[in-house]
Amino acid sequence: MTSAPSTQTKPLPILRVADLCVDYFTDAGRLRACDQVSFELGPGQRLGLVGESGSGKSTMALALMRLIKPPGKVSGRVFVGDAELTAMDDKAIRSARMRLIGMVPQAAMSALNPVIRIRAQIADVLQVHEPSMTDADVRARISEVLEAVELRPDVASLYPHELSGGMKQRVCIAIAVALKPKVIIADEPTSALDVIVQRQVMDTIGRLQREMNIAVILIGHDMGLMAQFVDRLSVMYAGKLAEIGPTGNLFAAPNHPYTHMLISSLPTLRKKGVFRGIPGITPSLLGLPSGCYFRMRCPYAMPICSEVAPPQVSHGQDHHSSCHLANVDGGLTSRIAAEATSNRDG
Amino acid sequence: MSALLELRNVSKVYKSGFFSPKVTNALDDFSLVIDQAKPTITAVVGESGSGKSTLGSLMMGFIKPTVGDVFYKGRNMKSLTGPERWQFRQDVQAIFQDPFAAYNPFYTVDHVLTVPIRKFGLASNREEAREKMGDALRRVGLRPEEILGRYPHQLSGGQRQRIIVARAMLLKPKLIVADEPVSMVDASLRATILESIYTLHKEMGVSVLYITHDMTTAYHVSNEIIVLYKGSVMEGGEVASVVKTPHHPYTRLLIDSIPWPDVSLQWGREPIIKDDGSSPTTSRGCKFASRCPHVMAKCRDAGPPLFAVGTQQASACYLGETSPALQRSELHKVLTPT
Amino acid sequence: MSSFIRYLRRNPSLGIGILMFTLLFAFCVVGYLRYDISKAAYPLSAPANRPPSLQYPLGTDSQGRELYAVMTAGTILTLRIGFTAGLIGLIIGTVLGFVAAYFRGWIDVLIKSLVDILLTIPGLLILVIIASATRQSMNINLLALIIASLAWMGPTRNIRAQVLSLRERPFLQAARLSGMNSVEIIFFELMPNLLPYLAASLVGSVTGGIFASLGLEALGLGAMREPTLGMTIYWVIYYSALLKGMWWWALAPVTVIVVIFVGLFSIGTGLDELANPRTRRIV
Numbered sequence: 023m024t025s026a027p028s029t030q031t032k033p034l035p036i037l038r039v040a041d042l043c044v045d046y047f048t049d050a051g052r053l054r055a056c057d058q059v060s061f062e063l064g065p066g067q068r069l070g071l072v073g074e075s076g077s078g079k080s081t082m083a084l085a086l087m088r089l090i091k092p093p094g095k096v097s098g099r100v101f102v103g104d105a106e107l108t109a110m111d112d113k114a115i116r117s118a119r120m121r122l123i124g125m126v127p128q129a130a131m132s133a134l135n136p137v138i139r140i141r142a143q144i145a146d147v148l149q150v151h152e153p154s155m156t157d158a159d160v161r162a163r164i165s166e167v168l169e170a171v172e173l174r175p176d177v178a179s180l181y182p183h184e185l186s187g188g189m190k191q192r193v194c195i196a197i198a199v200a201l202k203p204k205v206i207i208a209d210e211p212t213s214a215l216d217v218i219v220q221r222q223v224m225d226t227i228g229r230l231q232r233e234m235n236i237a238v239i240l241i242g243h244d245m246g247l248m249a250q251f252v253d254r255l256s257v258m259y260a261g262k263l264a265e266i267g268p269t270g271n272l273f274a275a276p277n278h279p280y281t282h283m284l285i286s287s288l289p290t291l292r293k294k295g296v297f298r299g300i301p302g303i304t305p306s307l308l309g310l311p312s313g314c315y316f317r318m319r320c321p322y323a324m325p326i327c328s329e330v331a332p333p334q335v336s337h338g339q340d341h342h343s344s345c346h347l348a349n350v351d352g353g354l355t356s357r358i359a360a361e362a363t364s365n366r367d368g
Numbered sequence: 004m005s006a007l008l009e010l011r012n013v014s015k016v017y018k019s020g021f022f023s024p025k026v027t028n029a030l031d032d033f034s035l036v037i038d039q040a041k042p043t044i045t046a047v048v049g050e051s052g053s054g055k056s057t058l059g060s061l062m063m064g065f066i067k068p069t070v071g072d073v074f075y076k077g078r079n080m081k082s083l084t085g086p087e088r089w090q091f092r093q094d095v096q097a098i099f100q101d102p103f104a105a106y107n108p109f110y111t112v113d114h115v116l117t118v119p120i121r122k123f124g125l126a127s128n129r130e131e132a133r134e135k136m137g138d139a140l141r142r143v144g145l146r147p148e149e150i151l152g153r154y155p156h157q158l159s160g161g162q163r164q165r166i167i168v169a170r171a172m173l174l175k176p177k178l179i180v181a182d183e184p185v186s187m188v189d190a191s192l193r194a195t196i197l198e199s200i201y202t203l204h205k206e207m208g209v210s211v212l213y214i215t216h217d218m219t220t221a222y223h224v225s226n227e228i229i230v231l232y233k234g235s236v237m238e239g240g241e242v243a244s245v246v247k248t249p250h251h252p253y254t255r256l257l258i259d260s261i262p263w264p265d266v267s268l269q270w271g272r273e274p275i276i277k278d279d280g281s282s283p284t285t286s287r288g289c290k291f292a293s294r295c296p297h298v299m300a301k302c303r304d305a306g307p308p309l310f311a312v313g314t315q316q317a318s319a320c321y322l323g324e325t326s327p328a329l330q331r332s333e334l335h336k337v338l339t340p341t
Numbered sequence: 079m080s081s082f083i084r085y086l087r088r089n090p091s092l093g094i095g096i097l098m099f100t101l102l103f104a105f106c107v108v109g110y111l112r113y114d115i116s117k118a119a120y121p122l123s124a125p126a127n128r129p130p131s132l133q134y135p136l137g138t139d140s141q142g143r144e145l146y147a148v149m150t151a152g153t154i155l156t157l158r159i160g161f162t163a164g165l166i167g168l169i170i171g172t173v174l175g176f177v178a179a180y181f182r183g184w185i186d187v188l189i190k191s192l193v194d195i196l197l198t199i200p201g202l203l204i205l206v207i208i209a210s211a212t213r214q215s216m217n218i219n220l221l222a223l224i225i226a227s228l229a230w231m232g233p234t235r236n237i238r239a240q241v242l243s244l245r246e247r248p249f250l251q252a253a254r255l256s257g258m259n260s261v262e263i264i265f266f267e268l269m270p271n272l273l274p275y276l277a278a279s280l281v282g283s284v285t286g287g288i289f290a291s292l293g294l295e296a297l298g299l300g301a302m303r304e305p306t307l308g309m310t311i312y313w314v315i316y317y318s319a320l321l322k323g324m325w326w327w328a329l330a331p332v333t334v335i336v337v338i339f340v341g342l343f344s345i346g347t348g349l350d351e352l353a354n355p356r357t358r359r360i361v
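Chains as they are written, first to last, in the working numbering: chain A, 23 to 368; chain B, 4 to 341; chain C, 79 to 361.
For the record, the hints were derived by calculation from the structure and aren't laboratory data. Where hints are given, some of them may not hold.
[Claimed, not checked] A few chain B residues facing chain C, derived, Cβ under 8 Å:
hint : residue
1    : 17
2    : 20
3    : 96
4    : 99
5    : 107
6    : 109
7    : 115
8    : 118
9    : 126
10   : 129
11   : 306
12   : 321
[Unchecked claim] Quick list of in silico lysine to any residue cross-link-like pairs, SDA-like style, CA-CA up to 25 Å:
hint : chain 1 : residue 1 : chain 2 : residue 2
13   : B       : 18        : A       : 97
14   : A       : 204       : A       : 297
15   : B       : 18        : C       : 248
16   : B       : 277       : A       : 187
17   : B       : 177       : A       : 134
Cβ atoms here follow ideal geometry from the backbone N, Cα and C, with glycine treated the same way.
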């Protein structure tokens, strides 16, 4: 279920990312894992971030939490509410993490400490980021948070290996919301889970999100999951934000060829037996092509695509894409329509 | 009907622990016939613990059934002679889940292609071998000059998986067991790899057993489908009927939980009931009884037989008991009309 | 060559180890050039109890041996014992480990039980008993064999563990599907992946072998007539060299032993780095 519809006047964004760049300085040269990423997230909104391996989505998540270590370097600005995360010193950011912005990292359930009970792992987060909490407060919060993720309170005295995959993932979600942050980043929270358990865990995240009015960034590669869960969807390719906008719009009328081809390659109930993969492979971040990064695989590439990097163009209603086709009459939509007619006739 | 591979009432039981052994029925009374004359793509769908990987291993001859028999061209696998075993190896091949682990990191990627060529005598000299390798790689959309001579860690996951498909093409087997071939591959490349597998089937008449947890790709690529849960068949039949009109409560739950990439198809209409642990894999009753919203008393007493609820659909659920009953060993009748 | 030097900068342990052995090698070469080892390393070839001087660079001992010659001969002999014992132990261990881990079943149970039982028996005790029993006919090769007889258990265990972990990897299934049989799989698929590990194990084995030989010889159970490092220590104790102020006699073998062990240890650490996940993927 999606969250409440947006009102006419836009509420102040709870998360604002401006020109975020993450560079890695390696022996082989400078590698730009994240290139000028900018977006906003309203309170209680759900944003999906889709991309394949090497697209930079996990790097961006780490950058938002200021967890990028040298030889990586982050530039740009990140705001949660009024607090500017990128301008904080080490002590301040450590206190801000998990309190203002929480994270369920990738493969979190495998990262639970196998020799420590669940209650100690949740308590650890509380005590590090909010040292003023008393023991009684900590105990109360642990029960509160386990209940919020629909786990029995006695789970607190168990060890991770005594829990199923879905339960472990819920514990990780509980840890992320323990300090009631305003924003949560969930990086592939359900990739190792079975389909039915996945639905249950996503339902839990959705319910938590509505109850606590937390904004959620869901990172993944499963477009289907995005279609079911997020209000707005963004697509990353080779470190750049290719397109961002309301989920329905992206699926119905995408403005970037990569988004369009990604969606067409997915199997749905309607088209059986039609395979439309994207030819070619993702370019290496050390040898990016000139102009648009996607042009080598793009069937709609024009001469300008190899010379000039595409600008970000707005399509109204918070929908932006970086493609030269946006400045051409009819844009991507007419190209796709033309293809469809020629396929019918040809 | 000549059967290439037949599983007859096969069960695989694992016992673990020395003092209080825990018994797990990985696969329970499973029967299937893979026809030689009519190649098909059969999807076996299930979650973890469903027994689908065990089924794959059984069909590849890596493990032996605890109960029941596996027949290769009418001969029991336990009593195959050397040459027959060799023929079996040529006829039944596999595509693996992990595109990296399928390669020996010590050798270049050529190794996975040159070894079977050499062993099965597919080429008489080096040039012919190189030519065949080049052809197979081109068929899956790769350029041989970019691939040959490289090490596995120098190529992307999609490329590695395509080489594995090319390897299967080279060997021209009669049956390919594909265990989660695209689950570890990027979304945009999945369609390409599935297309290669589909081409293998269409152009070379190879039967494919497509094992997966992903119903969407199963629907996309296969003709028929078998749904497994805790080692037992819950439902089986022609894939469009099963996916669009599922009969068994488990299938309904599974399909309802699929995140279709379609904003108009919302998930979550079927309620999910917590498993109360009353139907372990060793229970005599229906394995799904502990989670079923329509459970009846008789479900816990004895597992239901297959009921033919449609012309090409069978469901192991008492809800369909008005339809004619089938033996488990007759599952294949519902999958391919004779 | 230059890429090797660059690698050594990333792996300083290996560099130190190679340096140590190069120094030892140079030391021994000079020794062989200067002396007739067959005479100078044995008693009554030089005046006894002389401190180090230009004529006798490392001094002489109470039985009239030139210590430089003794060190030259001793280094070679001790390394030979260690290497023989270590190599035999490793070969036995590799064969048994592979067979146990690859074939599993009763043969695995048999080998594993044997190894576990034998490992509980204190090795030194057994060695002392065997060595005392064969005292009269003790020579270098016999000593090496005795040590090897108890050196194979460790490698068996380690290699079995490594093969067990590799065994489930899909590339072995792929090899099976490609028509390879068990022997071919062991030699062409498993073994190459274990070569770095085997090399590191060899260093460990050799170190253990040298340790054992030094221990036995210092107790007087070695080959009495041979000028090995351990025997030199035995004589140092026997003749109470330190009480008599003959510090050079004790210093020489101790220094050489330290250099050998530092060298072996460094090479071992260096090879460990090689054996470790460089073959892991970077996706």
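Hint check against the structure, violated hint numbers in rising order: 1, 2, 9, 10, 11, 12, 13, 14, 17
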